[in-house]
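Asks: Here is what each chain is made of, one letter per residue.
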Amino acid sequence: MAYQLYRNTTLGNTLQETLDELIQFGQITPQLALKVLVHFDRTMNNSLAQKVKNRLTFKAGKLNTYRFCDNVWTFLLSDVEFRDVSELCKGETVKIVACDGKAVPPTKDD
Amino acid sequence: MAANQALVSKLYRGVIEDVINGVREAFLDEGIDEAVLLELKQNWENKLQSSKAIDPVTDPAETSLQSKLQQRSSLPSKAGQQASSTAPANNSTPQQAATTAKQPEAAAAAQTPVTTPNAATGAATTAAAAAPATTTVRTVPVQITVPPQAGVAGHTAAKSITVHVPAHALQGGAAGAQLQTILSSPAVTAALSLPVEMATTVLQQHINNALQSTAARSQSRTDNGGVTQLDGPGDSSDDDDDVEDDDDDDVEEEDDHDDEEIDADNEENADEEPLNSEDDVTDDDPSVLFETDNVVVCQYDKITRSRNRWKFHLKDGIMNINGRDYVFQKANGDAEW
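As given, the protein sequences belong to chains C and W, one line each in that order. Position one of the first sequence corresponds to residue 36 (my numbering), numbered consecutively onward. Position one of the second sequence corresponds to residue 966 (my numbering), numbered consecutively onward.
Simulated from the structure, these hints should not be mistaken for laboratory data. Just to be clear, a hint being listed does not mean it is correct.
Restraint ranges, calculated between C-beta atoms of paired labels, are given here [as the list claims (entries may be wrong)]:
no., chain 1, residue 1, chain 2, residue 2, range
1, W, G996, C, S113, 34 to 40 Å
2, W, D1200, C, R42, 41 to 47 Å
3, W, G996, C, Y101, 19 to 25 Å
4, C, D55, W, D1299, 25 to 31 Å
5, W, N986, C, D55, 32 to 38 Å
6, W, Q1007, C, L123, 22 to 28 Å
7, C, T100, W, Q1007, 17 to 23 Å
Listed next, the in silico DMTMM-like pairs over lysine to aspartate or glutamate satisfying Cα-Cα at most 20 Å (straight line) [stated by the list, open to error]:
no., chain 1, residue 1, chain 2, residue 2
8, W, K1012, C, D76
9, C, K137, C, D76
10, C, K88, W, D1266
11, C, K97, W, E982
12, C, K70, W, E995
13, C, K97, W, E995
14, C, K125, W, E1301
15, W, K1295, C, D55
16, C, K86, W, D983
17, W, K1267, C, D105
18, C, K86, W, E995
19, C, K70, W, D1299
Beta carbons: idealized from backbone N, C-alpha and C, even for Gly.
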């Protein structure tokens, strides 16, 4: 079992929308959709750990809020600059949601 | 981050492939057809592309889909133009609404009107558009052309009926809609099948009657002809009770006192609310503050703080900044609280 963290990404949201549409049309069952999402979680976590190799740094003008609850950090930063070697991108307000990278994700009984 | 974009696309394709292959077995276990799985994949990829978070990857299947989408988008624009031209003279029957809702059918329906109301409205629109838009002219001749219809005896050629319609009936949305409802009534439909002269007179009388009755109705509403309504929206005001009613002074005075007390309480509350509302010092509602499109979803290795300086050591993250997607293996950051 892996973090369900990545369901709220472009990839994850589009998958959930597609699954919801199929459920609405009655083409798949909700249980099957759940299985797909669980598989997606596993695949996502593995891919990010193994296939991605780049590093970047960022600097924020201000940390507006920080929250640590249930071992999940949530930050709100403003005026942030992300740097990837030579390239740069900026955001006015950025929200960071981070789960514990070292902990073993909670196992669930299916 | 252009190089990153290619990386992101490749990563996403890889994830999609992995997921689809992984759940294929689950789909088969549930007895669900492979076609549904393919549909899942197609829809997923389409949504990804339309989200514009990554660069689109050309694929033979996807390009054909894109061209189909373009065709669809051009067709509604044509239907939309025709629909907008007929909108001022639009028939309010459910059939019309249903056909405009279904775009391919709307194009066909607009082009080949079959039933009489559609024909009348279509022709009336062209006549109305041609009519001079002067406000000084009281009546405007409107030519209604009824195309030939099969099954109606003695009606082999298109006939045009000219009726005189007050100018205001052609202008404005509500008046125009009125004209259309008048023209689409069953009496009119029957009249259209009569010979030209009779149809003209019948239609003319019908329009005149209908417009006069609606004018009379609207007038009666404004002038309070008939039965006058004193309460509800027509109520003058509560404060006038003191001046108008002289009878039952005792009862009146008690009621007045109660009213005054209630009013006094309301005024005090009104004063207190502004006072209390200044006690709260938060800048923004936190729930609103947390709503932002730039999201980074990741895992943390280490989060440290020294006084008000925070340092972030993050890993395995996906970012959506200004609508575009990025990924990272590791990220380090600094911020001041």
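Asks: Now tell me if each hint is right for this structure.
Replies: Structure-based check of each hint:
1. The beta-carbon spacing between G996(W) and S113(C), approximately 52 Å, falls outside the hinted interval of 34 to 40 Å.
2. Taking 41 to 47 Å as the suggested C-beta distance range, the pair D1200(W) and R42(C) does not conform, at roughly 56 Å.
3. In this structure the supplied range 19 to 25 Å is violated for G996(W) paired with Y101(C), their Cβ-Cβ distance being about 49 Å.
4. As the Cβ distance of D55(C) to D1299(W) is approximately 39 Å, the hint placing it in 25 to 31 Å is violated.
5. Against the hinted window of 32 to 38 Å, the Cβ-Cβ separation of N986(W) and D55(C) comes to about 22 Å, which falls outside the hint.
6. Evaluation of the 22 to 28 Å hint for Q1007(W) and L123(C) yields a failure: the beta carbon distance comes to about 36 Å.
7. Look at T100(C) against Q1007(W): about 40 Å separates their beta carbons, and that is not inside 17 to 23 Å.
8. Between K1012(W) and D76(C), the direct Cα distance comes to roughly 19 Å. Compliance with the 20 Å bound is thereby established for this hinted pair.
9. Simply put, K137(C) and D76(C) have alpha-carbon atoms about 17 Å apart, close enough for the 20 Å limit, and the pair holds.
10. For the hint linking K88(C) to D1266(W), the alpha-carbon distance of about 16 Å falls within 20 Å, and the restraint holds.
11. Distance hint between K97(C) and E982(W) is unfulfilled; the C-alpha atoms sit about 40 Å from each other, more than 20 Å.
12. For the suggested pair K70(C) and E995(W), the alpha carbons sit about 11 Å apart, so the restraint of at most 20 Å is met.
13. A threshold of 20 Å between alpha carbons decides the hint, and for K97(C) with E995(W) the separation of about 51 Å lies outside it, so the pair is violated.
14. For a cut-off of 20 Å, the pair hint linking K125(C) to E1301(W) stands: about 17 Å separates their Cα positions.
15. For the proposed pair K1295(W) and D55(C), the alpha carbon gap of about 33 Å is over 20 Å, so the pair is violated.
16. With a CA separation close to 13 Å, the supplied pair K86(C) and D983(W) stays within the 20 Å bound.
17. The hinted pair formed by K1267(W) and D105(C) meets the criterion: a straight-line CA distance of about 16 Å does not exceed 20 Å.
18. Restraint check for K86(C) and E995(W): not satisfied, since their Cα atoms lie roughly 31 Å apart, outside the 20 Å limit.
19. Among the hinted pairs, K70(C) with D1299(W) is inconsistent with the structure: their alpha-carbon atoms are about 38 Å apart, more than 20 Å.
In this structure, the hints that do not hold are numbers 1, 2, 3, 4, 5, 6, 7, 11, 13, 15, 18, 19, in rising order.
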